Amino acid sequence: MTDPGRYLAGRRTSLIVEPKDGRIPALTAEGKARVAKQPNRGASGAVISSWLDRGNQERCITYGLPNASLPTLYNNNIMIVQTPDTAVIVHEMIHEARIVPLDGRARLSSKIGQWIGSSRGRWEGDTLVVETTNFSGQQNYRGSTTGLQLTERYTRVGKDRLEMRLTVNDPTTWEKPWTVLLPMRPTEGELIEYACHEGNYSMFNLLEVARDEEKANAAKENKK
Amino acid sequence: MNTLRALAALFAAGLVATASVAAHHSFAAEFDAKQPVTLKGTVTKMEWINPHAWIHISVKNADGTTTAWMIETGTPNTLVRRGFTKASLQPGTEITVEGYRAKNGANRANGADLILPDGRRLFLGSSGTGAPKDDGQ
Chain F
1 MTDPGRYLAG RRTSLIVEPK DGRIPALTAE GKARVAKQPN RGASGAVISS
51 WLDRGNQERC ITYGLPNASL PTLYNNNIMI VQTPDTAVIV HEMIHEARIV
101 PLDGRARLSS KIGQWIGSSR GRWEGDTLVV ETTNFSGQQN YRGSTTGLQL
151 TERYTRVGKD RLEMRLTVND PTTWEKPWTV LLPMRPTEGE LIEYACHEGN
201 YSMFNLLEVA RDEEKANAAK ENKK
Chain S
225 MNTLRALAAL FAAGLVATAS VAAHHSFAAE FDAKQPVTLK GTVTKMEWIN
275 PHAWIHISVK NADGTTTAWM IETGTPNTLV RRGFTKASLQ PGTEITVEGY
325 RAKNGANRAN GADLILPDGR RLFLGSSGTG APKDDGQ
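Chains F and S, in that order, give the protein sequences. Under the working numbering, residues 1 to 224 are what the first sequence spells out, in order. Under the working numbering, residues 225 to 361 are what the second sequence spells out, in order.
Because the hints were derived from the structure by calculation, they are not lab data. A quick note: this is a predicted structure, and the numbers were derived from the prediction, not measured. Watch out, some of these pointers could steer you wrong.
According to the in silico footprint, chain S covers these stretches of chain F (three or more CB under 8 Å from chain S) [claimed, not checked]: (1) 99-111; (2) 166-178; (3) 200-211.
Just some of the chain S residues that point at chain F, by a computed CB distance under 8 Å [claimed, not checked]: (4) S250; (5) A253; (6) E271; (7) N274; (8) P275; (9) H280; (10) S282; (11) K284; (12) P300; (13) A330; (14) N331.
Think of the CB as a built atom: it goes at the ideal place given N, C-alpha and C, for glycine as much as any other residue.
One chain only, chain S, in its complex shape (with noise of 0.2 Å):
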C-alpha cells in the first residue's frame, strides 16, 4: 500500500520564495503606491471573493453626505488565516482602512490595513504594498 494513496489529501507549498513571483493582477495597472488614503466608514457589503474579496464601505462626508468606496483585499484563505471570520465586517461594522487609491482618482483602493473598532489591526495584502518595484504583475 502506498503511503501517498490516502482518498484525498490537502497540502499547501511550504514557502513563498520563488523565482517567478506571480499575483493574480497588475497592481501597477490600477492603483497608485503615491496616492495613499486612509478612510474612516461604514460597511455596506463583504464580498468574498477568491482571489480578491472585496469590501464596499460608506464614508461620510464634512458635509454630511455620504460617499460609496470599495476595498479590494488579499485572498479568502489569507483573510482567514488572518483571523477574519465571515461575522467580522457585518454591514453596519465601523472600520478604518488604509491603502492606495485607484490610479484614475475613483473611489476604490486596494486595502493595506484594516483597524477594527476595538482597535485590532489586521493586514489586508491585497495585489500589492506599494513597496518599491513592487508592479504586482
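The shape of chain F in the complex, shown without the other chains (with noise of 0.2 Å):
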C-alpha cells in the first residue's frame, strides 16, 4: 500500500507535480482571510459542544473532493466500475460512488450545488477526463470555494498501474491552479464496507469527553 520509493517515478518528494517546487501555491488575500476564519478542530481546547462542531468526516458525511481522491492515513482504495455511457468512481472512505456520464450531455446549472460537486467525463484516447464543478461549499478543501474545478485524468501506464493527474482549480482561493500526480495500483478482493455512521462509537466518546472537561472545570470553579 505505501511505497513511494518503487512506485514514484524520478524520486520525486511530492505528489505535486505542478507547480514544480511541489507546494499548493499561495492563497489570494481572499483565500487567507476564508482560511482563518476556519475552525481549528483537532486544537487541543477546541469547542465541542455539538456533533455540530465536528468535520464532516467524523460525521460520515463526506471527506469531499478532493481530499476523497488524494492519499491519506488509509483506506485509500477507489473502485471504477465502467460502462459504455457511464463511469462510476467509487471510493472506500464513506462508500461514496460519484456517477460520471460519458454521454455528452450538458452540465448542471450553475444555481444548484452538491456536496461533492456534478461530474462528467469523456474519454481522450485511452484517457478518462473526469471535470468536476457545481459544489455547493458545504465541504471545502483548504478554504475552497462553490467556483471549485477539479479536473481528474485517469491513465492505465501499465498492466499493474494506473495513474490519476489532478488538476485543482479555484481563482478566488489560490493563486494558480496545482496538479497532483498520483501512481495507482490494483489491490487484491473486494472494497470492504464502510460502515462509519452505524460504528461511531468516537463521536460519543469525544463527546462524552468534552462534557466531563466541562464538569470537572466548573468544579474547579466553584472550589476558587
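Assemble the dimeric complex from its two separately framed chains, guided by the hints.
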C-alpha cells in the first residue's frame, strides 16, 4: 500500500508536479482571510459543544473533493466501474460513489450545488477525463469555494499501474492551479464496506470527554 | 478499445504522504497520549467496523472482579494486511494491548500494539500514535 520508493518515478518527494516546487500555490488574499476563519478542530481546547462542531468526515457525511481523491492514512482504495456511457468512481472512505456520465450531456445549472459537486466525463484516447464543478461549499478543501474546478485524468500506464493526474483550480482561493500526479496499483479483494455512522463510537466518546471536561472545569471554578 | 476499459478495476493509491493528512476522527479530542496503558485480558467481542474496528476485552482485577474495556484499532483492511483474520480474535483469546486511555478516564483505549498468546506483536495503528504533534485531525 505504501511504497513511494518503488512506485514514484524520478524520486520526487511531493505528489504535486505542478507547480514544479511541489507545493500548493500561495493563497490569494481572499483565500487567506477565508482560511483564517476556519475552526481548528484538532487543536486542544477546540469547541465540541455538539456533533455539529465536528468535521464532515468525523460525522460520516463526506470527505469531500479533492480530499477523497488524495491519499490519507488509510483506506486509499477506489473502484472504477465502467459501462459504455457511464463511469462510477467508488471511494472506500464514506462509500462515496461518484457517477460520471460519459454521454456528452450538458452540465448542471450553475444554481445547483452538491456536496461533492457534479461530474462529467469523456475519453481522450486511453485517458478517462473527469471534470467536476457545482460544489455547494458545505465541504471545502483548504478554504476552497463553490468555484472549485477539478479535472481528473486517469490513464493506465502499465498492466499494474494506473495514474491519476488531478488539477485543482479555484481562482479566488489559490494564485494559480496546481496538479497532483498519483500512481495507483491494483489491490486484491473487494472494497470493505464502510460502516462509519453505525459504528461511530468515536463521536459518542469525544462528546462524553468534552462534557466531562466541562464538569471538571466547573468543579474547579466552584472551589475558588 | 481503451486499455482502461475493464469492467471493474480496484486501485489503491501508492503512498500516504500528502499535503493534507486526514484521519476519520481526532485522537486528541478523545485520548490522552500521557496516559499509556497496558491491558491484559480476554476477548469478549471483536467488531469489524470500517474505518475503526473495536476489540472488547475483559480485564481481571487484583480482587478477582473484572472490568470491561474497549480498544479502538485501525481499519479492517489494514488489520487484514497485517495478518489479522476473522478467526484471530475469537472470544476467550487472551491478549495484551498497549495503548492510550480515554482522556476522561473511561475504560476505553486507542490501541497501539496487540500481543497474541504466541508472542506475536501486531500494530493496531488507529487514529493516532500519541507521537508529538499527532493531533489526529
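Here's how the hints hold up against the structure:
no.: 1; hint: 99-111; in the structure: violated (count 0)
no.: 2; hint: 166-178; in the structure: violated (count 0)
no.: 3; hint: 200-211; in the structure: holds (count 8)
no.: 4; hint: S250; in the structure: 5 Å, holds
no.: 5; hint: A253; in the structure: 4 Å, holds
no.: 6; hint: E271; in the structure: 7 Å, holds
no.: 7; hint: N274; in the structure: 5 Å, holds
no.: 8; hint: P275; in the structure: 6 Å, holds
no.: 9; hint: H280; in the structure: 11 Å, violated
no.: 10; hint: S282; in the structure: 18 Å, violated
no.: 11; hint: K284; in the structure: 24 Å, violated
no.: 12; hint: P300; in the structure: 5 Å, holds
no.: 13; hint: A330; in the structure: 7 Å, holds
no.: 14; hint: N331; in the structure: 11 Å, violated
Of the numbered hints given earlier, the model fails hints 1, 2, 9, 10, 11, 14; all others are met.
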